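So the sequences go chain by chain: A and B. The opening residue of the first sequence carries number 66 in my numbering; numbering runs sequentially from there. The opening residue of the second sequence carries number 14 in my numbering; numbering runs sequentially from there.
Hints are computed from structural coordinates only; laboratory data are not their basis. Since this is a predicted model, take the numbers as computed values, not measurements. Keep in mind that the hints are not guaranteed to be accurate.
Listing some non-contacts, in silico: residues in chain B with all C-beta distances to chain A over 12 Å [what the hints assert, rightly or not]:
# : residue
1 : L26
2 : M46
3 : V97
4 : E119
5 : S122
6 : S124
7 : C242
8 : S361
9 : F366
Here are the simulated DSSO-like cross-link-like pairs (lysine-lysine), alpha carbons at most 30 Å apart as the crow flies [as the list claims (entries may be wrong)]:
#  : chain 1 : residue 1 : chain 2 : residue 2
10 : A       : K200      : A       : K289
11 : B       : K30       : A       : K201
12 : B       : K391      : A       : K278
13 : A       : K196      : B       : K218
14 : A       : K221      : B       : K390
15 : A       : K72       : A       : K314
16 : B       : K30       : A       : K200
17 : B       : K218      : A       : K221
18 : A       : K132      : A       : K314
19 : A       : K200      : B       : K24
20 : B       : K391      : A       : K201
21 : A       : K294      : A       : K314
All residues carry an ideal CB built from backbone N, CA and C; glycine is no exception.
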Amino acid sequence: MSTPIIKVENLVKRYRELVALDHFNLEIAEGEIFGLLGPNGSGKTTTINCILSLLSYDKGTIHVFGKEMHPDSYDLKRRIGVVMQNVAVFEELTVYENIDYFCGLYIRDKTLRRQYVEEAIDFVGLHEFRKFYPKKLSGGLLRRLNIACGIAHKPKLLFLDEPTVAVDPQSRNKILEGIQELNKQGVTIVYTSHYMEEVEQICTRIAIMDKGKNLAIGTKEELKRMIKKSEIISIEILDISEEAIAALKNLPHIYEVTFENRQLQVLCSGGRHNLLRVLNCLQSMDLSFGRVYSELPSLNDVFLEITGKELRD
Amino acid sequence: MFIHTFQYTLKQLFRQKGALFWNLLFPIALGTMFYMAFSGLSSGETFHAIPVAVVLAEDDSATMFREVIDSLNEPGDDRFLDAVYTTEEEALSLLEAKQITGILYEGSSVSLAVSAEMSSATLEQSILSCFVEEYNMQYGAIKKIAASHPENLGAAAEALAKNTAYNTETTYCDGDMDEQITYFFNLIAMSCLFASTGGMQIAIKNQANLSPLGARRCISPVPKEISLCALLCATFLYQYLCILAGLFYMRFGLGVNFGSSMGYILLTALLGCLTGVSFGFCIGSIGRLNEGMKFGIQMAVTMICCFLSGLMVGNMRILIEQYCPWFNRINPAALISDSFYSLTVYQSHSRYFQNSITLVLISAAFCLCGFLLTRRKKYAAL
Ligand SMILES: Nc1ncnc2c1ncn2[C@@H]1O[C@H](COP(=O)(O)OP(=O)(O)OP(=O)(O)O)[C@@H](O)[C@H]1O
Ligand SMILES: [Mg+2]
Numbered sequence: 066m067s068t069p070i071i072k073v074e075n076l077v078k079r080y081r082e083l084v085a086l087d088h089f090n091l092e093i094a095e096g097e098i099f100g101l102l103g104p105n106g107s108g109k110t111t112t113i114n115c116i117l118s119l120l121s122y123d124k125g126t127i128h129v130f131g132k133e134m135h136p137d138s139y140d141l142k143r144r145i146g147v148v149m150q151n152v153a154v155f156e157e158l159t160v161y162e163n164i165d166y167f168c169g170l171y172i173r174d175k176t177l178r179r180q181y182v183e184e185a186i187d188f189v190g191l192h193e194f195r196k197f198y199p200k201k202l203s204g205g206l207l208r209r210l211n212i213a214c215g216i217a218h219k220p221k222l223l224f225l226d227e228p229t230v231a232v233d234p235q236s237r238n239k240i241l242e243g244i245q246e247l248n249k250q251g252v253t254i255v256y257t258s259h260y261m262e263e264v265e266q267i268c269t270r271i272a273i274m275d276k277g278k279n280l281a282i283g284t285k286e287e288l289k290r291m292i293k294k295s296e297i298i299s300i301e302i303l304d305i306s307e308e309a310i311a312a313l314k315n316l317p318h319i320y321e322v323t324f325e326n327r328q329l330q331v332l333c334s335g336g337r338h339n340l341l342r343v344l345n346c347l348q349s350m351d352l353s354f355g356r357v358y359s360e361l362p363s364l365n366d367v368f369l370e371i372t373g374k375e376l377r378d
Numbered sequence: 014m015f016i017h018t019f020q021y022t023l024k025q026l027f028r029q030k031g032a033l034f035w036n037l038l039f040p041i042a043l044g045t046m047f048y049m050a051f052s053g054l055s056s057g058e059t060f061h062a063i064p065v066a067v068v069l070a071e072d073d074s075a076t077m078f079r080e081v082i083d084s085l086n087e088p089g090d091d092r093f094l095d096a097v098y099t100t101e102e103e104a105l106s107l108l109e110a111k112q113i114t115g116i117l118y119e120g121s122s123v124s125l126a127v128s129a130e131m132s133s134a135t136l137e138q139s140i141l142s143c144f145v146e147e148y149n150m151q152y153g154a155i156k157k158i159a160a161s162h163p164e165n166l167g168a169a170a171e172a173l174a175k176n177t178a179y180n181t182e183t184t185y186c187d188g189d190m191d192e193q194i195t196y197f198f199n200l201i202a203m204s205c206l207f208a209s210t211g212g213m214q215i216a217i218k219n220q221a222n223l224s225p226l227g228a229r230r231c232i233s234p235v236p237k238e239i240s241l242c243a244l245l246c247a248t249f250l251y252q253y254l255c256i257l258a259g260l261f262y263m264r265f266g267l268g269v270n271f272g273s274s275m276g277y278i279l280l281t282a283l284l285g286c287l288t289g290v291s292f293g294f295c296i297g298s299i300g301r302l303n304e305g306m307k308f309g310i311q312m313a314v315t316m317i318c319c320f321l322s323g324l325m326v327g328n329m330r331i332l333i334e335q336y337c338p339w340f341n342r343i344n345p346a347a348l349i350s351d352s353f354y355s356l357t358v359y360q361s362h363s364r365y366f367q368n369s370i371t372l373v374l375i376s377a378a379f380c381l382c383g384f385l386l387t388r389r390k391k392y393a394a395l
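Next up, chain A with everything else stripped away, as it sits in the complex (with noise of 0.2 Å):
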């Protein structure tokens, strides 16, 4: 890997005390779309504004772009674009004046700016409401001004923080795509977010943490690879006795068996050919069952397995 365009290490960070960020360590390197995940109160925001130099920290080091990041470290602010996740516009401003605002901040050309804040309406699809006041707009469409005012500067760095909280699935989606085209277009991408698919969706590298530690890092088939769980096997059967289950149980690469609801679920971990096995065992045993589905483990599931709980909202 060639020099990060984000490194931190060691870093620690304290609320008086409680510990947000446990020696907290992390690289991304340029042309990622970097996925943290973590559940609520894990310290991804933290995370973020510590990088960002807007809260101090307790020890470590930060570097972006190669450089140590310091509050007044204009020249990478420049670079760097954030979404964050309180959303944050003037209410006296409408959609295109806030954009205009925040873009100028960091372009000065007025004509240039002129386009990309076009470029940042189309890209979060606000153009019938670009004369609209941030008061008159709904929650989903507030959520996709506040990424306007973001990325509409054209950030090589660019951090969103649970940018597609209560935008709806279409918009979400074209945010999705647009994310993903900044990321051809040479941006690297930081992303946090609670919905798992859109993480699995889009991220080429993940880290899953909590309570400010960084409990895992890698491609999202990396991740599922380190969970003992491999498949997930679930089989529709009316009744099903103690010593079938047990039988099933005995089989190989099979840890865990439950019956519930007239839902047998086996858990998998590693071999191939589970279900062959399993159906070929009930149907040694005389059982009938209705419909068989096979899953491969969600980020979920790996999420659930590292931090011992779930990852939803």
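Position chain B with the ligands against the provided structure of chain A, taking the given hints into account.
Only chain B with the ligands this time, still in chain A's reference frame:
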């Protein structure tokens, strides 16, 4: 970047309807109310000699004071004082009976006592207070001459007597005698201090730990100082325009006579506005107090300052002058309305400039405080 922020801040300010109400319509409405309340009373009264009691010092050594009083007491059109020499008890009972406006005590310097209950004689009280101040100043000068060049004493005393007499005619009597004008002065002073609301918003909107918008500004490549200066300038300009609108409405809409020194009046409004904005900026910059709390402090201080300078009770400022004069020297509301007095009633430019300089110093102190408080660039928590 400066101009960009400046322009957008102005745009925002003029679109804030609530603020526009407080900054523009409220003073205009209050001014109109004053005007209507006074319209029956105002009768363009001519100046009457001010009734006072004079309590001389025991040893009766300083004849100069007596001479001055006597010269001001001479019957005629330009009679300034209607003085009686009494003992202290008599004087107090006269004051209690409201037969006199004030008591002049002769001591190492001359001092004045007025009654809090006589709010109807505000203007007379303030004229007396100004007279006492000027007398003391000139008397001090003469004492110095007496010490260093006793041979010139006679000439100096003569000059003083003349000077005072001269003041009597021009300063005290030609100045605008319209009693109601004091309320308008105080109203403008209040508007100036109300500008602090705008100043407070500056601090809040520029601080990452006080608002998400502040955080957003902090991550931009615009240095904080530039952004702050742009905000301060825009807010100041906006507030000053509001006050100008109010002033012009009073002058040309209501026909309030601010005298001939309109230029100086505009300057005072400008300085007052500067003080207001910087005061708000300073309060707004105080750490992590929540916004409601800051607003409360700012409102309370503003209202107390205005009250003590006589917005509600006309003669408050003179009472303060009597018991706690240093407060009048630093209370911005008092300084502003006193500047107006200096221009129209006392016509004392030295006093006017002294007030103006104090206002500038106060603003500078508040601004400095605000800058120091917001200097920090990283925050412990957002
Ligand atoms: N201003 C603050 N003062 C004190 N503690 C804070 C503050 N901000 C955050 N914390 C604490 O720090 C921890 C990390 O918070 P952070 O906002 O970084 O979480 P997050 O991962 O962004 O969560 P979410 O998914 O809800 O946005 C939490 O336990 C939170 O309670
Ligand atoms: Mg967060």
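Going through the hints against the structure:
1. L26: violated (8 Å)
2. M46: holds (29 Å)
3. V97: holds (63 Å)
4. E119: holds (61 Å)
5. S122: Consistent with the label, S122(B) stays out of reach of chain A, its closest Cβ about 55 Å off (over 12 Å).
6. S124: holds (53 Å)
7. C242: holds (15 Å)
8. S361: At about 44 Å from chain A, S361(B) clears the 12 Å cut-off, so the statement holds.
9. F366: holds (39 Å)
10. K200(A) <-> K289(A): violated (43 Å)
11. K30(B) <-> K201(A): holds (16 Å)
12. K391(B) <-> K278(A): holds (22 Å)
13. K196(A) <-> K218(B): holds (23 Å)
14. K221(A) <-> K390(B): Status holds; Cα separation ~23 Å.
15. K72(A) <-> K314(A): violated (45 Å)
16. K30(B) <-> K200(A): holds (14 Å)
17. K218(B) <-> K221(A): Holds. K218(B) to K221(A) sits at ~26 Å (cutoff 30 Å).
18. K132(A) <-> K314(A): Outside the cut-off at roughly 55 Å; violated.
19. K200(A) <-> K24(B): holds (17 Å)
20. K391(B) <-> K201(A): Violated. K391(B) to K201(A) sits at ~34 Å, over the 30 Å cutoff.
21. K294(A) <-> K314(A): OK: K294(A) and K314(A) at ~14 Å, within 30 Å.
In this structure, the earlier hints numbered 1, 10, 15, 18, 20 are contradicted, and the remaining ones agree with it.
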